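Chemist: Make the full structure from the sequences, and use the hints.
Number of protein chains: 2
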Amino acid sequence: MKALEERILREGKVENDSLIRVDGFLNQQVDIAFMDELAKEFRRLFADAAPDKIMTAEVSGIPIACSVAREFGSIPVVFARKGVPVMEDEQVYGSPAKSFTKGTYATMRVGKGFIKPGEKVLIIDDFLAHGEAGLAMCDLIRQAGAEVVGFGAVIEKQQQGGRLKLRTIGVDVCSLAIVKDIKDGRIEFTESGR
Amino acid sequence: MKALEERILREGKVENDSLIRVDGFLNQQVDIAFMDELAKEFRRLFADAAPDKIMTAEVSGIPIACSVAREFGSIPVVFARKGVPVMEDEQVYGSPAKSFTKGTYATMRVGKGFIKPGEKVLIIDDFLAHGEAGLAMCDLIRQAGAEVVGFGAVIEKQQQGGRLKLRTIGVDVCSLAIVKDIKDGRIEFTESGR
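Sequences listed follow chains D and C, in order. Okay, so the first sequence: first residue is 1 according to the working numbering, each after it adds one. Okay, so the second sequence: first residue is 1001 according to the working numbering, each after it adds one.
You may find that some hints are simply not true.
As the list claims (entries may be wrong) - Chain D stretches covered by chain C per the calculated footprint, using a threshold of three residues with CB under 8 Å from any CB of chain C:
id	region
1	28-41
2	56-67
3	70-82
4	103-114
Honestly, the hints are just simulated from the structure, not real lab data. Bear in mind the structure is a predicted one, so any value in this text is a computation, not a measurement. For glycine and all other residues, C-beta sits at the position ideal for the given N, C-alpha and C.
Modeler: In structure tokens form, the structure reads like this:
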């Protein structure tokens, strides 16, 4: 998506060969009108998926997930949580995910009532990198007997291989901007989409 | 707000005298159309505040903050983060906040570029209880030389005293549902608003 690539080039900060910060519109400060534009594109790309529900991972996937849900007629958004549950007796599905950015493992979890058998769930996240959070969310959805109808990322970092892992388990992956490579601090894109 | 009180009574789970779970529409699963309704009410209540920006605390304040931002003409949303920054050299404002639910302290922080001197910032959060997160966010905003033009919570738990703390430092507080008391698992509301 051209407008997104331009914005990443204009405002993104390349921290190293594998980390781009887009805190100004996606990760800490959120440009709501731009999220709604991106959401329209996700709607177009996943129109055939006809999701009943959107799932995302806390934290920074939440704004774009909410915008996408609105585009699909205000279907519910569920977020997979990380860390220790407040209530110990919570009935949850859980799945482990490694964070390469933080170098830690976290159990992703979702309350059992929030994903129902047979539901069609579209996963929306801000980044697709190593795909660990995505795999964990697919696992949570499938544990519930529901169906993953797609995975949409705002920004994909191709070299980190997340797409391949998700495709291997049969998930339709679609990103709005795909970073092919970062060379000497310069970002190179490849054609976005499926 | 009547529709909100009814929904809390219908779907809220009283865990103990100080904890109500509204995971089904606010905290883990989000009802987007309902968030947009609540946002319209916040817009009405804070019309005179004319905010330039919305601030919220990760995680569950984010969906309602995004809806409120859209109501005010898609102004930016900034979220105050908890925990350890990924990038150690990050330039941030920080302020400590105690979580009574989790029994821990966390430093809330926001990147220095995201709140500018003179900006009018409206804080929106899902809950107002002890007011610790609210106080920390006010501190972050004031460190940046910006102005707190109000604090809006979806649900306030009156007995935990957060409103008084925020009023004491001169902040206009407004909640859409105010829980006066929880007796034998029954929720009692008092008139909501300022």
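Chemist: Go check the region 70-82 of chain D versus chain C for me, would you? Three or more residues, Cβ under 8 Å, otherwise it fails.
Modeler: holds (count 8)
Chemist: Please verify the coverage claim for the region 103-114 of chain D: does it have three or more residues whose C-beta sits within 8 Å of some C-beta in chain C?
Modeler: holds (count 4)
Chemist: Is the coverage entry for the region 28-41 of chain D by chain C consistent with the three-residue Cβ rule at 8 Å?
Modeler: holds (count 8)
Chemist: Count the residues of the region 56-67 of chain D with a beta-carbon closer than 8 Å to any beta-carbon of chain C: does the count reach three?
Modeler: holds (count 6)
Comparing the model with each numbered hint stated earlier shows that all of them hold.
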